[in-house]
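Q: Whole structure, please, built from the sequences with the hints as guidance.
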Amino acid sequence: AQRVTQPEKLLSVFKGAPVELKCNYSYSGSPELFWYVQYSRQRLQLLLRHISRESIKGFTADLNKGETSFHLKKPFAQEEDSAMYYCALRRDDKIIFGKGTRLHILP
Amino acid sequence: NAGVTQTPKFRILKIGQSMTLQCTQDMNHNYMYWYRQDPGMGLKLIYYSVGAGITDKGEVPNGYNVSRSTTEDFPLRLELAAPSQTSVYFCASSYPGVTNEKLFFGSGTQLSVL
Chain V
1 AQRVTQPEKL
11 LSVFKGAPVE
21 LKCNYSYSGS
31 PELFWYVQYS
41 RQRLQLLLRH
51 ISRESIKGFT
61 ADLNKGETSF
71 HLKKPFAQEE
81 DSAMYYCALR
91 RDDKIIFGKG
101 TRLHILP
Chain F
1 NAGVTQTPKF
11 RILKIGQSMT
21 LQCTQDMNHN
31 YMYWYRQDPG
41 MGLKLIYYSV
51 GAGITDKGEV
61 PNGYNVSRST
71 TEDFPLRLEL
81 AAPSQTSVYF
91 CASSYPGVTN
101 EKLFFGSGTQ
111 LSVL
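For the protein sequence lines, the chains are V and F, in the order given.
The first sequence begins at 1 in the working numbering and counts up one residue at a time.
The second sequence begins at 1 in the working numbering and counts up one residue at a time.
Take these hints with a grain of salt, some might be off.
[Claimed, not checked] For lysine-lysine, the following DSBU-like pairs were computed, each having C-alpha atoms within a straight-line distance of at most 35 Å: (1) V:Lys22 to F:Lys102; (2) V:Lys15 to V:Lys65; (3) V:Lys9 to F:Lys14.
Because the hints were derived from the structure by calculation, they are not lab data.
A: See below:
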C-alpha cells in the first residue's frame with residue numbers, strides 16, 4: 001500500500017539556520033508528491049508540488065526516486081516559517097498525507 | 001470568493017447521537033475529500049468523490065457515510081457518534097489534471113463526542 005512517512009514530529013531550528021523536513025514514500029508507480037503547510041489559525045494550503053519544480057517562500061523539494069524521498073529544504077529559516085508541514089502523495093484519485101512535522105523556528 | 005465552506009465550526013455530541021457535517025464549494029471542482037486530523041496522526045482520508053453520484057472509501061471510512069448529489073455539496077454523516085470520532089474534520093476540493101492542481105481546504109469542523 002502507498003504510504004507517506006515523516007519521521008520527525010517536531011523540528012526546532014534557529015532563525016537563519018538551514019531547514020530540512022524529511023519525507024519518504026512507498027509507491028510502486030510514478031509518484032506525484034506535494035508539500036502542504038498549515039500556519040497558525042489559517043487553512044491548510046499547498047506549498048509546492050514536485051511536478052512544478054518550483055521554489056515557494058524559499059523552500060524547495062527534490063524528488064529522489066532512488067531513495068524514495070521528497071525532503072523539503074530551505075537554506076535560511078525565518079520566524080514566519082513556523083507551522084505544521086505535511087507531505088502528501090497522490091495515488092490515482094486519492095491524496096494521502098503523512099503525519100506531519102511541526103517546524104518551530106527559534107529566535 | 002467563498003471557496004470551500006464547512007459548517008458547523010464546532011460541535012459537541014453525546015455518544016450515539018448522529019449529525020451531518022456540511023461541505024460546499026463554489027469552484028465547480030469535480031473532486032472532493034473528507035479528512036480527519038488527529039494530533040500526531042496527521043490527516044487521514046475518510047471518503048472522497050470524483051464527481052456527482054460517485055463516492056469511494058478512503059483510509060478510515062468506518063462509522064461515516066457520504067453522498068454527492070450535486071457537484072457543490074459533499075456532506076459527511078456520522079450515524080452513531082463514538083468518542084473515537086472526536087477530531088477536527090476537513091473538507092477539500094480540487095480539479096485534478098491541470099498543471100496547477102491543488103487541494104482547497106475548508107476551515108475545519110472541531111467535533112467532540114462525550
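Q: Evaluate each hint against the coordinates.
A: Here is how each hint holds up against the structure:
A hinted pair counts as satisfied when its Cα atoms are at most 35 Å apart, and V:Lys22 with F:Lys102 qualifies at roughly 21 Å. Between V:Lys15 and V:Lys65, the direct Cα distance comes to roughly 31 Å. Compliance with the 35 Å bound is thereby established for this hinted pair. For the hint linking V:Lys9 to F:Lys14, the alpha-carbon distance of about 31 Å falls within 35 Å, and the restraint holds.
The structure meets every hint from the earlier list without exception.
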